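Trainee: Listed here are the chains, written in short residue letters.
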Amino acid sequence: MGAGHAHPLHLDRVSPVHRLAPEVKIAAVLLFTIIVVVTPRTEFWAFGAYAVLLAVVAGVARVPASWLAKRATIELPFVLLAIALPFAGHGERVDWLGMSLSVDGLHGAWNIFAKGTLGVLASLLLAATTTMRDLILGLDRLHCPTVFTQIATFMLRYLDVLADDARRMRIARLARGYDPRFLWQVKAFAVSVGALFLRAYERGERVYLAMVSRGYAGRMPVLQSARASTGQWVAAASLPAATASIALVAALGS
Amino acid sequence: MTTAMHIANGIVDGPVSAVFAVLAVAALAFCVRKARNDLDERLAPMAGLVAAFIFAVQMLNFQVLPGVSGHLLGGTLAVILVGPWVGALCVSTVLIVQCLLFADGGLTALGLNITNMALLGTAAGYLLVAGLLRILPKTSFGLAVTAFVASVISVVVASQGFVLEYALGGTTELSLPWVSGTMAGVHVLIGIGEGLIAATTVATVAKVRPDLVYALRRFRKPAVAPELGVKA
Chain A
1 MGAGHAHPLH
11 LDRVSPVHRL
21 APEVKIAAVL
31 LFTIIVVVTP
41 RTEFWAFGAY
51 AVLLAVVAGV
61 ARVPASWLAK
71 RATIELPFVL
81 LAIALPFAGH
91 GERVDWLGMS
101 LSVDGLHGAW
111 NIFAKGTLGV
121 LASLLLAATT
131 TMRDLILGLD
141 RLHCPTVFTQ
151 IATFMLRYLD
161 VLADDARRMR
171 IARLARGYDP
181 RFLWQVKAFA
191 VSVGALFLRA
201 YERGERVYLA
211 MVSRGYAGRM
221 PVLQSARAST
231 GQWVAAASLP
241 AATASIALVA
251 ALGS
Chain B
1 MTTAMHIANG
11 IVDGPVSAVF
21 AVLAVAALAF
31 CVRKARNDLD
41 ERLAPMAGLV
51 AAFIFAVQML
61 NFQVLPGVSG
71 HLLGGTLAVI
81 LVGPWVGALC
91 VSTVLIVQCL
101 LFADGGLTAL
111 GLNITNMALL
121 GTAAGYLLVA
131 GLLRILPKTS
141 FGLAVTAFVA
151 SVISVVVASQ
161 GFVLEYALGG
171 TTELSLPWVS
181 GTMAGVHVLI
191 GIGEGLIAAT
201 TVATVAKVRP
211 DLVYALRRFR
221 KPAVAPELGV
231 KA
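Residue numbers (the UniProt record's numbering), protein chains in the order written: chain A, 1 to 254; chain B, 1 to 232.
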């Protein structure tokens with residue numbers, strides 16, 4: 001606890017993108033993703049242009065390409081689905097390298113791959129440049145209901161409590177001479193999951209009551225009230241604006 | 001860390017995603033209104049912990065067939081411990097944070113993911129829990145059995161939500177019975193795993209702190225002790 005509550009995908013850098021207010025980044029990523037998803041899948045060059053836009057943002061944010069590539073592997077299960085499609089699809093077929101592939105399946109695979117990858121990369125850029133606290137602050141400023149931000153605040157806080165208590169319980173087991181091998185750890189985990197939950201709850205309850213007694217009323221105090229300036233909104237709007245113009249050119253050209 | 005994955009962008013087409021996004025927002029707005037009455041000083045930290053717990057178990061991901069993966073959902077656990085309204089909000093919060101912070105699940109598919117896991121899953125879980133607790137004994141054992149059965153069925157119901165969305169707006173041609181069958185088969189297995197985790201957790205909580213179990217509130221006699229709670 002208390003160690004800044006950074007999340008594993010945050011990349012601590014100094015860059016113009018990191019300095020942007022969280023609400024404008026969330027809005028920009030949301031608009032970008034919506035435009036990408038509604039772009040017809042046959043406009044191949046438009047997706048290439050979107051990728052270039054993201055590369056520019058990554059450059060400005062000083063997020064290395066290798067960092068992005070490694071974390072984008074979260075998408076792999078869906079890429080596997082995409083690879084299966086050209087073989088499983090119906091309709092018109094083409095021969096390529098001696099394999100009979102379905103045209104519809106190929107388009108479908110491309111669709112999932114392109115839109116999925118662009119979406120994951122955009123979200124990764126948001127995560128890399130925004131801390132957990134800022135993200136919740138951003139959602140709050142975008143008028144997300146307080147119940148959500150409240151649950152999210154506690155959730156992120158209690159993740160640490162859960163992990164710490166799980167670690168303490170494991171150390172306690174080891175201290176009592178328990179010598180788990182690879183798979184048998186599962187048994188101890190299954191038996192202690194209820195106890196872990198209760199311990200974490202009681203610890204969390206104390207944290208909560210301490211917060212309430214210090215004046216917490218459902219919203220974290222804002223230390224520096226730097227709301228997004230018009231300039232920041234304009235700067236962040238450049239991404240969806242550029243995306244929208246590419247989509248428009250694609251739609252008019254076809 | 002293994003990775004979880006929800007519906008990504010581009011699996012289901014734009015119009016259908018938009019329809020489900022509107023549906024999800026409307027349903028969640030209703031849950032927010034209902035949850036206001038529930039969220040007291042005991043439930044607020046519980047909701048956060050349940051969300052954290054669900055977040056952690058959703059990291060467990062089962063790659064049963066290439067391209068089709070599933071994970072624990074946690075909706076039934078949430079229903080039993082914090083009730084249907086706050087429960088649905090907990091699961092949605094998990095999905096929103098996963099989408100924004102961990103790039104898990106497409107941003108435009110958020111409506112679809114929330115409909116399946118937070119709305120369909122919890123609704124099925126709630127109906128089953130409410131029904132089963134009428135017949136089964138209100139002990140920790142009865143609650144564990146309830147949690148197990150409701151988990152298995154609600155996970156399969158949630159997986160069929162994806163099949164419905166896929167039928168309406170899938171961007172690719174896969175035969176529906178195949179998708180439906182695969183999803184159901186995988187999720188029965190996941191449901192059993194989820195059921196075991198939910199049952200052990202709920203049984204322990206019901207034994208040690210029965211006051212924390214939302215699903216048992218209706219069956220409890222009103223307390224005589226005066227209100228000592230801190231007003232949040």
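Please note that the accuracy of each hint is not assured.
Unchecked claim - Only part of the chain A face toward chain B is listed, based on derived beta-carbon distances under 8 Å: (1) V14; (2) V37; (3) E205.
Stated by the list, open to error - Footprint (simulated), chain B over chain A, 3 or more residues, beta carbon under 8 Å: (4) 52 to 66; (5) 143 to 152.
To be verified - Label pairs and their calculated CB-CB ranges: (6) K207/B x R227/A: 23 to 33 Å; (7) R36/B x P64/A: 42 to 52 Å; (8) K207/B x I171/A: 43 to 53 Å.
Read the hints as simulated data drawn from the structure, not as lab findings.
Bear in mind that the values here come from a model prediction, so they are computed numbers and not experimental data.
Cβ atoms here follow ideal geometry from the backbone N, Cα and C, with glycine treated the same way.
Trainee: Now, for every hint given, state plainly whether the structure supports it.
Mentor: Results for each hint:
no. : hint                        : in the structure
1   : V14                         : violated, 20 Å
2   : V37                         : holds, 5 Å
3   : E205                        : holds, 5 Å
4   : 52 to 66                    : violated (count 0)
5   : 143 to 152                  : holds (count 6)
6   : K207/B x R227/A: 23 to 33 Å : violated, 49 Å
7   : R36/B x P64/A: 42 to 52 Å   : holds, 45 Å
8   : K207/B x I171/A: 43 to 53 Å : violated, 25 Å
The earlier numbered hints that this structure contradicts are 1, 4, 6 and 8.
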